[in-house]
Amino acid sequence: MKVSYKWLQSYFKESLPSPHELADILNTRAFEIESVDEIPGGDAVIDVDILPNRSHDCLAHRGIAREIGVLLSRTTEEPVFDLTQSVDALGFTVDVEDPIFCTRFVGVRMHSVSVTDSPKWIEERLATIGQRSINNIVDITNFVMFDLGKPMHAFDADKVVGNLVVRIAKEGENITTLDGKDVALNASMHVIADDISPLAIAGVKGGIRAEVTKETKNILIESAVFDGSTIRKTSRTVGIKTDSSRRFENGIANQLAMDGFMETVALIAEHARGDGFTIGATVDVYPKPDEEHVVNMRVSKLQSLLGVDLTQKEIESIFDRFGFVYEKKDGSYDVTIPELRLDLRIEEDVIEEIGRVYGYEHIQAQPIADMDFKPQSTKEYKVIENIKNILAQAGFSEVQTYMFGDKGEVEVLYPAASDKTKVRADLKTRFEETLQSNARYADLLGISDVRVFEIGKVVKKDGEHSLLALGVQNVKKDKKKESEKITEVLQMLSEKLGYTLDTEVAHHIVEIDLQEVIEKSADISERELRDIISHADDTVETKPVSSYPFVLRDIAVWTPDGTQESDVYDIIKEQGGELLVRIALFDEFKKDGKTSYAFNLVFQSHERTLTDEEINQIMEKISTVFIKQGWTVR
Amino acid sequence: MVHEKFTGHLHPVTHISRRIVGILMDLGFEVALGPELEEDHYNFKALNFPDDHPARDMQDTFWLKDFPGRLLRTQTSNVQVRYMEGHEPPLKIVVPGKVFRNEATDATHEMQFHQIEGLVVGKDISLANLKFTLDAFIKKMFGEDVETRFRPGYFPFVEPGIEVDMKRPEKGNSKKSNEWIEILGAGMVHPNVLENAGVDPKIWQGFAFGVGVDRIAMMKFGLSDVRDLYSGDLRVVNQFPGI
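Residue numbers (our numbering), protein chains in the order written: chain A, -15 to 618; chain B, 5 to 247.
Any given hint could turn out to be false.
[To be verified] What the simulated footprint calls covered on chain B by chain A, stretch by stretch (three residues with Cβ under 8 Å from a Cβ of chain A suffice, anywhere in the stretch; the number is not a length):
#1 33 to 39
#2 46 to 52
#3 77 to 88
#4 188 to 196
#5 212 to 218
#6 232 to 245
[Unchecked claim] No more than 27 Å apart at the CA atoms, straight line, and that leaves these computed lysine-lysine pairs for BS3-like:
#7 A:406 to B:144
#8 A:358 to B:69
#9 A:404 to B:127
#10 A:217 to B:206
#11 B:102 to A:441
#12 A:464 to A:444
#13 A:461 to A:445
#14 A:358 to B:206
#15 B:171 to A:358
#16 A:445 to A:404
#17 A:445 to B:224
#18 A:285 to B:49
#19 A:445 to A:391
#20 A:313 to B:102
#21 A:444 to B:206
#22 A:527 to B:143
#23 A:527 to B:102
#24 A:358 to A:445
#25 B:144 to A:358
#26 B:69 to A:441
[Claimed, not checked] Which stretches of chain B does chain A cover? Using the computed rule of at least three CB atoms under 8 Å from a CB of chain A, they are:
#27 66 to 73
#28 106 to 117
#29 120 to 130
#30 135 to 142
#31 161 to 171
#32 221 to 228
Source of the hints: derived by calculation from the structure; they are not laboratory data. Glycine residues also receive a C-beta, built at the ideal position from the N, C-alpha and C atoms.
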């Protein structure tokens, strides 16, 4: 949530630390900070990542300000509203049909408001957090939502026919939302309606029929609490996510309905008062008031969970900073949870509050004491890692390919891309492509055949399977057929695993279900497993792969007796420069006291397609140096 | 190097996973695995993600046609309850594996990636023990001079929940100061999770942590695009050693 630094400051008498300092404090003690942006006019926008555990009270400036108050040991200055002025008897009634869905409904009718532009400060605060100003009434309801975290709604009272009702939508009912979208409703959703039709999708979006406009004279204010999981479903079904639905989804304390209501009415009375302005009697439908939650927190549990001994004074001073009411018992505390803290229900929740405010950096690391546990790692892991080593030794490269594609037996719901609608049912289908695409790079890779394997899971109609796929593709002329190479490696695998893989090898790709292999292979000890996985290198510095074509050249040279391969190699490397990406000796023979060396050279650029001409120039440079040595280029 | 040794190559994810698993094995952990095709129960519900709870939005899930109530696991934490159902504490496990998120992909986001989960349950396992274990792991993995810090985080299956950051030492000649990098998520196992696995939270408590392998592979190997890990391209894989 984007918060305004100035807005937060309005909750404190003394100056807050700078925006960046404040962000650091919040980041290490409360919420992750995404960004801090200083903006013209001396304000700053802090993007605070409020997660679902605190969305019910901290998707709001006041919630974050209270958190800052705890962390800085300061008290927030919160206005107290008084609605006794000019109350008249103009009431309205609301019928709440399902008190489980709508746990509280607070409302009021206000007469003779003046709908104009908002006061500058409200416009500015909303603009800072990216909210457009509409008119004073709408802006005030928005302001209250971002101030207290309580979504509010205002209806044009003269467009409401009869009484309000919070009810289940009827099949076939429709609503046109404030942004002009026609939405079909059904009986899984709840609406706020009048005698004629729905006026709002409860908790999600208001309708256009009772919209507050410049012409509006009289209004109804709604401050209700709706069931989070129902709002979540409705919001998904209608495909409308709003700042309001997001807040309801996470659950809202019933207390907040009254807080939001009071602030809204007070701000309207102050900033939207017309001639003859009056406020009706408050309606508060709240059949089952929330019970008080008391959590017993044992000091011993606090110490064993955090691994730190806090004194009574330290614990109590943190409770005081939160403003928790607590009672000291023998070795524990009964902590009365503030109404808005829906996240604090068990002792671990309270311990977390103490831990983070105390500061995790003050907790000293301690090794785990000896425990009565003898590791017996799963054979599945042992055998799979062993297979990887055996295959790598046999010259195979391990690949991992995608779980998703357009072939398979099982479809994905809501696929992220149209070519990734299915879960793979085998590994071999994609192997053909893997072999062929890599064969194109054989010279660049310096290989005469492509040998790859993959170990991975697939999903078939009957569930998941763990498979091994092996593939070989000859690139250069080779007496040994691909299937022979696979047969060889399978024999080697069988020997080393102590289990015979009797897979038929007709082609250049085989696929083996690993379940039986894992069960029947020889056992591997923990120590052996540790050795197997010690073949791991996390220090490799990779070079980026170039997307430009590579160019292949050969060079052969007669050298006098005694010339080493490396003498030739070094000259080629030096003269070749950075475009020469691979040098491989492919032929060497002696005749009449001279030695011939022949090399394959591969050229490639990261920036462009190389021209024949520039390669020729490099080849020319190499030849020139050879000739200077007195060697003969063949 | 003039002659290249004739050898195969292990995938970068294998290299990093093995390093992490090895470090934890040396600290007395046992390796456990779990299914990729998973039930809602083990991936979410038993881990204290209620039905229709916004916490589920933190992990975009691949649901499957024809397998109602089943999904491709979004986290290797799915093994927590599975393992504890079959093993009495105390226990100390490390779980490497592939996980899936139904998200748009780019250079730093993939629909599939690898995680390693750690879980320790004992009589008085504490946050101080978690700190020791993760400090030891991070220093082994990134160097003795790396700093770590714990800050509050939220995952439904732990309480308290922790985010762990690390910071590399400042290099004398580097103008830009090194910043804290988020490296893993952790916390103390939520009593509901223990209970859901048939473990009595009055007797047992523990910690859990999860680390993303692909991100570490990118950091360590200087890879700029996570998608290169799954392209089957030997121009990438063959830059890594075999055995």
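Against the structure, the hints come out as follows:
| no. | hint | result |
| --- | --- | --- |
| 1 | 33 to 39 | holds (count 6) |
| 2 | 46 to 52 | violated (count 0) |
| 3 | 77 to 88 | violated (count 0) |
| 4 | 188 to 196 | holds (count 3) |
| 5 | 212 to 218 | violated (count 0) |
| 6 | 232 to 245 | holds (count 14) |
| 7 | A:406 to B:144 | violated (40 Å) |
| 8 | A:358 to B:69 | violated (41 Å) |
| 9 | A:404 to B:127 | violated (46 Å) |
| 10 | A:217 to B:206 | violated (36 Å) |
| 11 | B:102 to A:441 | holds (9 Å) |
| 12 | A:464 to A:444 | violated (35 Å) |
| 13 | A:461 to A:445 | violated (41 Å) |
| 14 | A:358 to B:206 | holds (23 Å) |
| 15 | B:171 to A:358 | violated (34 Å) |
| 16 | A:445 to A:404 | holds (18 Å) |
| 17 | A:445 to B:224 | violated (39 Å) |
| 18 | A:285 to B:49 | holds (26 Å) |
| 19 | A:445 to A:391 | holds (13 Å) |
| 20 | A:313 to B:102 | violated (48 Å) |
| 21 | A:444 to B:206 | violated (42 Å) |
| 22 | A:527 to B:143 | holds (26 Å) |
| 23 | A:527 to B:102 | holds (25 Å) |
| 24 | A:358 to A:445 | violated (37 Å) |
| 25 | B:144 to A:358 | holds (23 Å) |
| 26 | B:69 to A:441 | holds (18 Å) |
| 27 | 66 to 73 | holds (count 6) |
| 28 | 106 to 117 | holds (count 6) |
| 29 | 120 to 130 | holds (count 5) |
| 30 | 135 to 142 | holds (count 4) |
| 31 | 161 to 171 | holds (count 5) |
| 32 | 221 to 228 | holds (count 5) |
The structure fails hints 2, 3, 5, 7, 8, 9, 10, 12, 13, 15, 17, 20, 21, 24 (numbered hints given earlier, in ascending order).
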